[in-house]
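S.K.: So the sequences go chain by chain: A and B. Using the numbering used here, the letters of the first sequence correspond one by one to residues 831 to 943. Using the numbering used here, the letters of the second sequence correspond one by one to residues 27 to 141.
Please keep in mind that the hints were generated in silico from the structure rather than gathered at the bench. Some hints here could point you the wrong way.
Unchecked claim - The following label-pair restraints were derived from C-beta to C-beta distances: (1) Lys900/A / Ser44/B: 31 to 41 Å; (2) Tyr840/A / Gln71/B: 16 to 26 Å; (3) Thr81/B / Gly846/A: 50 to 60 Å; (4) Ile890/A / Glu140/B: 34 to 44 Å; (5) Ser936/A / Lys87/B: 11 to 21 Å; (6) Pro33/B / Gly846/A: 14 to 24 Å; (7) Trp109/B / Tyr840/A: 24 to 34 Å; (8) Thr941/A / Lys138/B: 24 to 34 Å; (9) Thr81/B / Thr913/A: 44 to 54 Å; (10) Tyr840/A / Thr38/B: 28 to 38 Å; (11) Glu92/B / Thr913/A: 37 to 47 Å; (12) Glu899/A / Gln71/B: 41 to 51 Å; (13) Glu92/B / Gly846/A: 42 to 52 Å.
Heads up, the beta-carbon is just placed ideally off N, CA and C, and yes, glycines get one too.
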Amino acid sequence: DVKVTQSSRYLVKRTGEKVFLECVQDMDHENMFWYRQDPGLGLRLIYFSYDVKMKEKGDIPEGYSVSREKKERFSLILESASTNQTSMYLCASRVTGPHYGYTFGSGTRLTVV
Amino acid sequence: AQSVTQPDIHITVSEGASLELRCNYSYGATPYLFWYVQSPGQGLQLLLKYFSGDTLVQGIKGFEAEFKRSQSSFNLRKPSVHWSDAAEYFCAVGVPGGGGNKLTFGTGTQLKVEL
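Make a model of the complete structure from these sequences and hints.
M.R.: Below, the structure is given as structure tokens:
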């Protein structure tokens with residue numbers, strides 16, 4: 831089975847800090863995604879990447895950037911964390927072809943104080 | 027662009043009762059359709075998915091879903107709910123093909139099971 835690992839389950843950061851959320855997948859998938867989950871809003875796409883060094887904005891990219899230097903790793907960066915970025919962040923990777931599907935990590939709950 | 031509506035924010039059922047969670051989507055053709063479950067503090071687990079073919083799809087944990095093109099719906103069902111089914115359920119729609127297309131989620135339905 832594909833494994834998607836998010837390095838931290840819980841993070842507490844201060845307003846203005848630069849924050850890195852890391853995601854690693856072990857199946858050589860080309861497509862990776864970062865979602866943000868908030869109560870009553872479901873999951874909203876922040877950024878996605880369909881290859882190394884390739885990235886595209888999702889629905890809510892403001893205040894975020896991403897990095898994909900290696901195929902297995904997709905990082906979400908909060909350039910200057912703000913309290914409204916307190917949320918659950920979920921990473922996913924996707925396989926295409928006959929076994930099309932998404933696998934999600936366990937999530938990182940980020941609190942910005 | 028595709029969209030997903032889950033009209034029920036909360037649902038409460040008694041253990042052993044049947045369950046139906048509603049999902050409606052908006053897309054010009056037949057999309058890929060998914061149901062995920064999320065237990066508290068956990069990531070998303072795939073229950074089932076529909077791409078094409080038989081419109082009744084069987085998933086894990088005794089769940090099934092039926093694709094109805096005429097109603098743009100993909101409702102999730104379970105004949106007899108167990109207390110361990112209490113969780114949040116998300117319907118999602120994806121556009122067929124690879125590349126950069128994305129998965130769009132509904133806002134979720136929180137299921138409570140009364141013993």
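S.K.: Does each hint fit the structure? Answer for all of them.
M.R.: How the hints compare with the structure:
Judged by the Cβ atoms, the range 31 to 41 Å given for Lys900/A and Ser44/B is violated: they are separated by roughly 47 Å. One distance hint, 16 to 26 Å for the beta-carbon pair Tyr840/A and Gln71/B, holds here, with the actual separation near 20 Å. At roughly 52 Å, the beta-carbon separation of Thr81/B and Gly846/A lies within the given 50 to 60 Å, and the hint holds. In this structure, Ile890/A and Glu140/B meet the distance hint of 34 to 44 Å, their C-beta atoms being roughly 36 Å apart.
A C-beta distance of roughly 19 Å is found between Ser936/A and Lys87/B, which places it inside the suggested range of 11 to 21 Å. Checked against the given bound of 14 to 24 Å, the beta carbons of Pro33/B and Gly846/A, roughly 40 Å apart, lie outside it. The supplied range of 24 to 34 Å is met by Trp109/B and Tyr840/A, whose beta-carbon atoms lie about 27 Å from each other. Distance hint for Thr941/A and Lys138/B: a CB-CB separation of about 26 Å, consistent with the stated range 24 to 34 Å.
Under the hint 44 to 54 Å, the C-beta atoms of Thr81/B and Thr913/A, about 45 Å apart, fit the expected range. At roughly 29 Å, the beta-carbon separation of Tyr840/A and Thr38/B lies within the given 28 to 38 Å, and the hint holds. One distance hint, 37 to 47 Å for the beta-carbon pair Glu92/B and Thr913/A, holds here, with the actual separation near 43 Å. Checked against the given bound of 41 to 51 Å, the beta carbons of Glu899/A and Gln71/B, roughly 29 Å apart, lie outside it.
Between Glu92/B and Gly846/A the beta carbons are some 50 Å apart, a value that agrees with the proposed interval 42 to 52 Å.
Hints 1, 6, 12, counting from the list given before, are not met by this structure.
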